[in-house]
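Colleague: Residue numbers for the sequence shown follow the working numbering, so the first one is 93 and each next one is one higher.
These are calculated hints, taken from the structure and not from any lab test.
Worth double-checking, as some hints may not be accurate.
Taking CB as the label site, the calculated pair distances span [what the hints assert, rightly or not]:
#: 1; residue 1: M116; residue 2: E158; range: 16 to 26 Å
#: 2; residue 1: L169; residue 2: D147; range: 16 to 26 Å
#: 3; residue 1: D148; residue 2: D112; range: 44 to 54 Å
#: 4; residue 1: V101; residue 2: V155; range: 19 to 29 Å
#: 5; residue 1: R153; residue 2: Y117; range: 27 to 37 Å
#: 6; residue 1: L165; residue 2: A105; range: 27 to 37 Å
#: 7; residue 1: R119; residue 2: T150; range: 44 to 54 Å
C-beta: ideal position from N, C-alpha, C; glycine also.
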Amino acid sequence: HALEQYLSVARQAAAPLPRDIDAMYRRLGEIEAAVRGGWALRPCHNDLWEPNLIDDGTRIRIVDWEYAGMGDLYFDLANFAI
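Please model the complete structure; the sequences and the hints are all you need to start from.
Modeller: Written out as structure tokens, the structure reads:
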């Protein structure tokens, strides 16, 4: 889980964190459990926004795939629309 890794790094670096970070992290687990299995997962970019698109006038290429994984079919569309 990427958030768990980021949180671990932040704690090791003694970075300032919200006082209720542990409660927020537990809540995230509850949310994930509530939506798990509600739909078929599909390959997603998960960071689709304009800086991750390269348009050479002929084709558009999507770059920066570090957050790619299986997810909600509509996440990339919703994220890009914001």
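Colleague: Against each hint, give a clear statement of whether it holds in the structure.
Modeller: We went through each hint and held it up to the structure:
1. M116 / E158: 16 to 26 Å: 23 Å, holds
2. L169 / D147: 16 to 26 Å: 18 Å, holds
3. D148 / D112: 44 to 54 Å: 46 Å, holds
4. V101 / V155: 19 to 29 Å: This hint holds: roughly 24 Å between Cβ atoms.
5. R153 / Y117: 27 to 37 Å: Once the Cβ atoms are compared, 35 Å apart, the range 27 to 37 Å for Y117 and R153 holds.
6. L165 / A105: 27 to 37 Å: At roughly 36 Å between Cβ atoms, A105 and L165 fall inside 27 to 37 Å, so the hint holds.
7. R119 / T150: 44 to 54 Å: Taking Cβ atoms as reference, R119 and T150 lie about 45 Å apart, which means the hint holds.
Violated hints: none; the structure is consistent with every hint.
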